[in-house]
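Visitor: Chains as they are written, first to last, in our numbering: chain A, 1281 to 1563; chain B, 172 to 493.
The hints are simulated quantities; they were obtained by calculation from the structure and are not laboratory data. Small disclaimer: the values here were computed from a predicted structure and weren't measured. Fair warning: there could be bad hints in the mix.
Within a straight-line C-alpha distance of at most 20 Å, the following computed SDA-like cross-link-like pairs (lysine to any residue) qualify [stated by the list, open to error]:
{"id": "1", "chain 1": "A", "residue 1": "Lys1364", "chain 2": "B", "residue 2": "Lys304"}
{"id": "2", "chain 1": "B", "residue 1": "Lys304", "chain 2": "B", "residue 2": "Val454"}
{"id": "3", "chain 1": "A", "residue 1": "Lys1364", "chain 2": "B", "residue 2": "Gln401"}
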Amino acid sequence: MRLRNPFGRKPKEFPSHLWTQCPNCGEMLFNKQLARNQSVCTNCGHHFKLGAKERLELLADARSFTETDADMVSSDPLGFVDSKTYPDRIAAAQAKTGHKDAVLTGTATISDIPVVLAVMDFEFMGGSMGSVVGEKLTRAAERALADRAPLVIVAASGGARMQEGTIALMQLAKTVAAVTRLDEAGVPFVSVLTDPTTGGVLASFASLGDIVLAEPGALIGFSGARVTSETIGEKLPKGFQRAEFLLDHGFVDQVVPRAQLKERIAFFLGAFRVAGQDLRWSL
Amino acid sequence: MGMLERIAGSRRAGPEGNGHLPVDAGLITDTAAYAGERPTAWQAVQTARNIGRPHALDVISRVFDRFQELHGDRGFRDDPAIVAGIAELGGRPVVVVGQQKGASTEENIERNFGMPYPEGYRKAIRCYRLAEKFHLPLVTLVDTPGAYPGPEAEERGQAEAIASSIQVMSRLATPIVVVVLGEGGSGGALALGVGDVVLALENAIYSVISPEGSAAILWRSAAEAERAAQAMKLAGPDLLETGVVDALIKEPAGGAHTDHDATAAAIKTALVAQLERLVRVPVADLLSLRYERFRSFGTVVEPRAGEVAAPPRPWWRRVLGR
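Okay, chain B solo, but in the shape it has when bound (with noise of 0.2 Å):
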């Protein structure tokens, strides 16, 4: 959790603390937990995009009270792919915006499978803003294979709607939490996924492109995907190795499915004691802190750094041979 630490510290538990939770209650995050029983990539994959898995509906409204769903991106329409709306946490109100897959055929089809048009993320923005403006923290849920690509989405500026929404997460001047409960496809998921803390449930996946696209582009075969999943190291563990998200929430053992309700409360648990600490810094802080956050990744070599070329010597010297 790295900076946010020095500024709010990390452990307020304990029978002398001050009552509050410890912020890393439930969380995993140290990847000496696996020691040894780790679930292969592609295992998380489909763990990730079980159909039966908790969707953002379903832990909406076992984690918040109160949820009232706010619809529309004032300039099109509504899209079903993001739900966004004012709830309780623990009595307190927070803005909450995430993407919904269905749990069925029929439920994925009104759905799109979680791919949201440009509306959807325009409409999530507006939610943002709407955060900042009454000073209410932001919970995001990130849950989707992938921003729809399909032709009305180009005309209606896919690309745009997700570059904006990106740009208005960084500099959003409230606490953002994001947790990744399933799939976190591509850009799509960024774009929704700019937070103060990154929280992913254990069998979570966030990836740059899907297993099945990338097979396709660097094998040319899409039966390559277990491959592929492996090569991305897109699994829970290997993203807290890489520091794109900053702790795990664990799941029920068999998987988040398998109990709806345990998935959730260990979500609240995390969701209440980060933001019990966010709440706590001054936002000034937490805007330089998340900027920080993300100006971080990537790694680079750099043979000649802070060397200072010289500057070229004048012809006449060159001439002179000085």
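One chain only, chain A, in its complex shape (with noise of 0.2 Å):
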């Protein structure tokens, strides 16, 4: 018979706000470590979802992003209801991540060169793109097109909002036509893929970027594994959908590991420096 002390509980080796599990090797990571690690595995590089505030953070240049449209907020164009109310999901996932919306746009520098930035946050409702992210990478993309700064896009979203039906749907074709200006009048921009990046999202703007990067290990991909995996009726196979699968076909341009990002994009950016700046080629 094994004797258990009733008073108090033997500590835990590992108590949870303190360690993470790396869901890939399975090595205990010390919290703190690992944001310094900018929420990269320090034993076998496992890139952790990040949050829009990070990545800003990681992006951006120290206290350059200005924040518009910050508090454009969703409203109920159905009256959607599923087990909650579509308000109750939103006020729900405001709570939790402290943004409006699935997206934060705004102007900022990334190594000294100014730019029109959105980046999305998967906590919020799965980062799904219903009127309010359609509405904001508009603008976003129509402001780079007035000021003639490159626009970057930082994609995780399952896709489309359910929430709101075939306005979600239109989304795509809005936020694709954006970028389509900005392509017609030769202003840069770069969409980055992180961990997720799918359906709607995947299949409108994040795939139309002139350069198109993505994180190592990120899930990119149309339709979800789960029914690709029932219309063949088999289990798919290790790696697919993986940003390194859709490197070897060839859509995204490079795979970036996350501390290499930022110069990254700004030698991108700087490569493709709007017209009438120096450095050009004379053509």
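Bring the two chains, given one by one in their own frames, into a single complex with the hints.
Guide: Written out as structure tokens, the structure reads:
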């Protein structure tokens, strides 16, 4: 018979608020150390998901980010109710993340290059794109066009937001049309795909960057892996729909580790400097 | 139909008119027409999926003359789930692209149930460019459960193909009329769905995800599809209300599957009237109107819109309390 001490518990070896287990290699990582390493596993290099705030700190120069449309919130166009009402879901997501919706947009500098920057947050209802995300991204693109400043969008999204129905689907067309105007005007657009970028977001603006970068190991694909494996009735191979898979098949330009992401974006933006600036070939 | 009316006018009919059809000939542009007898969302889903419904080739053979199909994306293969070609509408050439479902199980297997692969969308893009190059109006027929979600499709870039298709349509310098025939399934449908005028058959549906898919995710049970269909507002009258479609084409009593000829005749009347109008609009205006049409989707609330944030006071002013 096991005797148990009724008073007090044995302290856990790895209390969850201090330690995180790497899902890839199983290593226990000290949270502070993990944060210092930009949420990349120090042992195997697994890239953890990054919230919008942390992503901004990573990419934008210190104190350079000025948020625009910060107070824009979604209405409930369809009166959508599943197990909870849509406004309740939004309120819960706002409380959880501290953001009004799944994207932060604004102006910033990246290595002293002024850009329009948009960063999505997967924690907010799976980063799904509804009216607010569509409108904010469209405004960001229009601002980039007006200022002739490069547009950088960091995608992290499960796709279109079901709770807004067909209106959410139309955001695909809306955002594509907006970045297409940049394309016509010769304003650079860099799309960064992070874990995960799937569905309607990948099937719209995120695939259309002049440069498309991805983070290592990020899940990137059109349809969810479950749908795909049900379609063919078998399990999918390891690495299917990962960033490296897309690189192999020619749909992303580079897979860039998080530590090098900022300088890599800055390099491309520097090379694509909008006309009239120095260093251009006189073509 | 909004902004187009301001440029091209809406009615050219009447004895004093110039002989053209009224643009809303045979069209339902107001949900008031459905007072009380609106079919339920689930009925619409069933009707839109009816295997006997006129599919793209049924419509093409009845609406257009001398249809010549064009095959292949010039890169990989010919996707049978998308048919594309050049045909004549009322004696004038147009480019037609449509998603093709089958009318029997065998035909459905051959057509992959109307679910295109990336090469299908790339074939469509090729034909869009053809339309632009030779100044032919483009007519697209949407009827798909969605883009094919298999692993080969992922390998060949399904998302990129759809994104590119939307991109090309959004700035194609020629008039585009979209007709949703049956199922408008998500991004796979939108890849053919960016037009100056978007019409739908009365019982067509257009949704961001299939009712079954939505039910599986939100209710964790595919059996709740009926409730999901209701919640997603995917039926014709709902689409008219949200502005996703500009007008509905009336179907024969009992649904389009009961009379292909009558359905095709209604589609033809609508297409001719819309194209008559669109070809008069300068292409630059068409493009900006098309941008505005899709730009305007979405309802957002901005509590402090237009307010300019006061610039932060410098530290010395704060210290001085001024």
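Visitor: If a hint holds in the structure, say so; if it doesn't, say that too.
Guide: Evaluation of the provided hints:
no. : hint                    : in the structure
1   : A/Lys1364 with B/Lys304 : 50 Å, violated
2   : B/Lys304 with B/Val454  : 13 Å, holds
3   : A/Lys1364 with B/Gln401 : 15 Å, holds
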